[in-house]
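Q: Okay, here's what each chain looks like letter by letter:
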Amino acid sequence: MEGEIVVKTKRVEQGTLLILLVIALIFPLLSERYMLSVGISILIMALLGQSWNIMSGYAGQFSFGHAAFFGLGAYTSSILYIDFNISPWVGMIAGMCVAALVGVLIGFLSFRYKLRGDFFALVTLAFAEILRVLFNNTKALKGATGILIPYKDAWKEFQFANDRIFYFIILGMVILATLFIGVMSRRKFGIFLIAIKENQEAAGSLGVPVLQYKLVAMAISAAIAAMAGTFYAQYYGFIDPTVVFVSSISVEAIVPCIIGGAGTLGGPLLGALVIIPLQELSNNLFEGINGMNMIIYGVLIVLFVVFCRDGIYGTVIRRLKGARS
Amino acid sequence: MEALKAVDICKSFRGNMAVNHASMDVKAGEITGLIGANGAGKTTLFNCISGYYPATSGKVVYKGEEVQHKTAQHLCHMGIARTFQIAKPFGMLSALDNVAVGGYNKAKSRKEAYQIAEKSLEMVELLDRKDNLAMLLNTGEQRRLELARALATQPEVLLLDEVMAGLTPTESREMIKLIKKVNNAGITILMIEHIMPVIMSLSNYVYVMERGKMIAQGLPEEVANNPKVIESYLGKGLEVE
Chain A
1 MEGEIVVKTK RVEQGTLLIL LVIALIFPLL SERYMLSVGI SILIMALLGQ
51 SWNIMSGYAG QFSFGHAAFF GLGAYTSSIL YIDFNISPWV GMIAGMCVAA
101 LVGVLIGFLS FRYKLRGDFF ALVTLAFAEI LRVLFNNTKA LKGATGILIP
151 YKDAWKEFQF ANDRIFYFII LGMVILATLF IGVMSRRKFG IFLIAIKENQ
201 EAAGSLGVPV LQYKLVAMAI SAAIAAMAGT FYAQYYGFID PTVVFVSSIS
251 VEAIVPCIIG GAGTLGGPLL GALVIIPLQE LSNNLFEGIN GMNMIIYGVL
301 IVLFVVFCRD GIYGTVIRRL KGARS
Chain B
326 MEALKAVDIC KSFRGNMAVN HASMDVKAGE ITGLIGANGA GKTTLFNCIS
376 GYYPATSGKV VYKGEEVQHK TAQHLCHMGI ARTFQIAKPF GMLSALDNVA
426 VGGYNKAKSR KEAYQIAEKS LEMVELLDRK DNLAMLLNTG EQRRLELARA
476 LATQPEVLLL DEVMAGLTPT ESREMIKLIK KVNNAGITIL MIEHIMPVIM
526 SLSNYVYVME RGKMIAQGLP EEVANNPKVI ESYLGKGLEV E
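Line order of the protein sequences matches chains A and B.
With my numbering, you'll find the first sequence wraps up at 325, consecutive numbering, no jumps.
With my numbering, you'll find the second sequence wraps up at 566, consecutive numbering, no jumps.
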């Protein structure tokens, strides 16, 4: 027996996701290659956003260093591929495990010393920077030259001549991540994460194993970011520390959540769908001005934080549930 | 028989002794009250007992086991639940989900957790608001929600920190009835309270704190007539020659 509010919210949620799915399926029908690459950019950002969403949107542990996990994913699969000839598919799983472990390590160290909020965010930022410097200066990790992925068109190599296949793979990943969050958010795991975000002490005194849940959320979040990293490496064919470990990647994980709505199922998807086209538009309008997209991110974040804290989709959901924002 | 014992608890914050060698027994099945003026150290003692932070020294004994080093989360699994002086609802969760968080403490399945949650909400008469976000409930309702959440963990001992604070007279009367109902269901209660009539009507036994120390204990009427207690609350009488 479910109340009216619950049913109504569920319907809007499902409706939004359905519309987003339809839009996602229209993209590959467009024959232009450029449009397809825009679609892939949107989906990479959506995947990064969903990854950030679990740890920071739902569990409330604000990360400013998701580039660390993204980069670890990209590097693990690429090094395994180049040096050991291991299929990037296997490398992707390995990368996810490495990122999850590092995530748990960062979380354990931070939470043990009771770091929260801004301080925790700074630690994640520092870790990403440490990794960038480390990879940039370590020869065994290919140093500043980075890794060029040789092009061989085959499923086993995670390489495709046809960008449509890439598109459907990243779409599949986004759908998987979204399904996971959708199922999670209605179960014990999701409810506990929100309880931890809302009030850690109260959650603990109700028997919620706060530390374990935060660490698991970090591990899952890191693993999904790593997945996006491997995809990035395979799709673009080139990575170096200044591409995958930079803070702009961390920002790309945060922005869709802020614009769309952190801690909601559809928010990061909608956010990515709004931002990337905007970014493409600005790149065309202000040709030759480097970093214009970052300026746009900055302005958007300020505007949303001041005027629309819950994001576009988050505001709708809040209103439906009757909450003032 | 004592359900819960605090023995010689001290808690200092950077040298400031908030609780100074305080001891108390909470008898199983009873309602034990802890009173004292503002700043007497009631909540600090309470926080040490409930595992919110560790005591500087002293022991807490629950069912014969020393538990002073256990966290609140652990104590909750063992059967000690608490409410907070300032209600801490999970604002963006529905009332039912709020209580289900507590329900999962003993439940083996999602279904069971929600059954427990509904029962607890019914007990505090909030079932009709179960789908509302906790942030939309008013102060009185949020307090009852807090109580329902603690009840859903299925505790043997319930620690209540000023559940009457901020309630209207009508809400207070209902809360008193509710606490009696909870106690009648077999749950041992330790409550901090400010309002004397509430403590008088509810408690079987009362402890009085002043400046971190226990200054009196006894049956409610004994304590109410104890000169030390009167002095603590009202100050010394004027001595006229």
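Be aware that one or more of the hints could be misleading.
EDC-like cross-link-like pairs, simulated, lysine to aspartate or glutamate; straight-line CA separation at most 16 Å [said to hold, decoys possible]:
hint: 1; chain 1: A; residue 1: LYS188; chain 2: B; residue 2: GLU450
hint: 2; chain 1: B; residue 1: LYS413; chain 2: A; residue 2: GLU198
hint: 3; chain 1: A; residue 1: LYS10; chain 2: B; residue 2: ASP456
hint: 4; chain 1: A; residue 1: LYS321; chain 2: B; residue 2: ASP456
hint: 5; chain 1: A; residue 1: LYS8; chain 2: B; residue 2: ASP456
hint: 6; chain 1: B; residue 1: LYS502; chain 2: B; residue 2: GLU450
hint: 7; chain 1: B; residue 1: LYS395; chain 2: A; residue 2: ASP153
Hints are computed from structural coordinates only; laboratory data are not their basis.
Q: Which of the listed hints are not met by the structure?
A: Violated: hints 1, 7.
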